[in-house]
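2 protein chains.
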Amino acid sequence: MPIVKAKPFDFELNINHTALICIDMQRDFIMAGGFADTLGNKIANVQSCIPVIAKLQEAFRRNTLPVIHTKECHKPDLSDLPVAKRNRGNPSLRIGDRGNLGRILIDGEAGSDFIHENYPREDELVISKPGKDSFYRTELLDYLYTRNIGSLVFTGVTTEVCVQTTMRNANDRGFDCLLVEDGTDSYFPEFKEMTLRSLTSQGGIVGYTCKSEDLLEMLK
Amino acid sequence: MPIVKAKPFDFELNINHTALICIDMQRDFIMAGGFADTLGNKIANVQSCIPVIAKLQEAFRRNTLPVIHTKECHKPDLSDLPVAKRNRGNPSLRIGDRGNLGRILIDGEAGSDFIHENYPREDELVISKPGKDSFYRTELLDYLYTRNIGSLVFTGVTTEVCVQTTMRNANDRGFDCLLVEDGTDSYFPEFKEMTLRSLTSQGGIVGYTCKSEDLLEMLK
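Those protein sequences? They're chains A and B, same order as listed.
Here our numbering is used: the first residue of the first sequence is 112, the next is one more, and so on.
Here our numbering is used: the first residue of the second sequence is 112, the next is one more, and so on.
Okay, chain A solo, but in the shape it has when bound (with noise of 0.2 Å):
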């Protein structure tokens, strides 16, 4: 089987056995003008994994392996907005509001949707999710099982939060977990830092993380 250099150890890449997973590449998380932004987040910071990210995905699909798209949102009716995240901190801005892109964190609106450089293709599994981990009511699992994936590298924003929940409960389930360093941003980078640190300490607790170049190099 392949090995990529990774951190705390080499990682096997069961190669028809992976998926990709890139972890809410959205417009309001992203953009300048977007709800992050206005939120006053320093979005200059999640720039750098826009284009480490597109390589993985041309490379994944060259190889025909499966490319997964999740987006944080809430229905138009907010059915599925807890009280607790719509109210905390009696914010002037909420999510289902009218913001810059449309209503905020609303499925279908612009804001909520993918950043062109990143579009899933209309093959690729989306996956809409009102929490921060893809498995909260989600239909990942499913997906997961029925291809027969045991491996997924991570990519996406943010590192601490969407993308290491998710990450933490895919380990849960068994899954074998690779992040990539640089196709995961922060809006705070030593939050990203001590995040790769935490998720490969005690033996890789949690998975792995690798450089794009060493799995980019497996892909050829």
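I should point out that these hints are in silico values taken from the structure, not numbers from a laboratory.
One copy or two, either will do: identical chains are not told apart, so a pair holds if it fits within one copy or between any two.
In silico DSS-like pairs for lysine-lysine, Cα to Cα no more than 30 Å straight-line: (1) 118 - 153; (2) 116 - 196; (3) 118 - 196; (4) 196 - 322.
Could you slot chain B onto chain A? The hints should help.
Chain B alone, transformed into the frame defined by chain A:
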């Protein structure tokens, strides 16, 4: 409603709908000679939360509020142990093997049981969980709905692993989550510190943290 001084905002203590959750205060993670100790983890770093948790347990019991205990462990036949979890890093001592305190992380063995300082009372819920997340394959969510619990006070070990994972998943499920800063510990103080900061960043994206003295004052 009583208000507890907390980060990033004060926390409304919805006293009749709140439970204390004590994560994984197990011998194998905390005591000398336990599994964590034999792996080389610094168990000295996870001692200071013990008396704090004991005080909180006493205060919740005095107010007849639920105290919930979780433990990470597997069935004796290992049927709920993911292959990846058992084999990762090819360790010399694996889950299910015989260690200093019985079979490692197996339900019913001495090592997977709770330390005496924070031991559950007979009438308190004990959750045996195969993962880091206390909701995965457990009865926790049903219990919380049945008892009309909407707020969770978090304590236990380790901060960045089982505590954080459960708190993030509780937040996805709509619970108001308050983590007691001195009621949780990690083998790695820098992971604890960064986890507390990341949970409360972006306007309390996962929830709140407080000092035990401020919470205990409200429970007097």
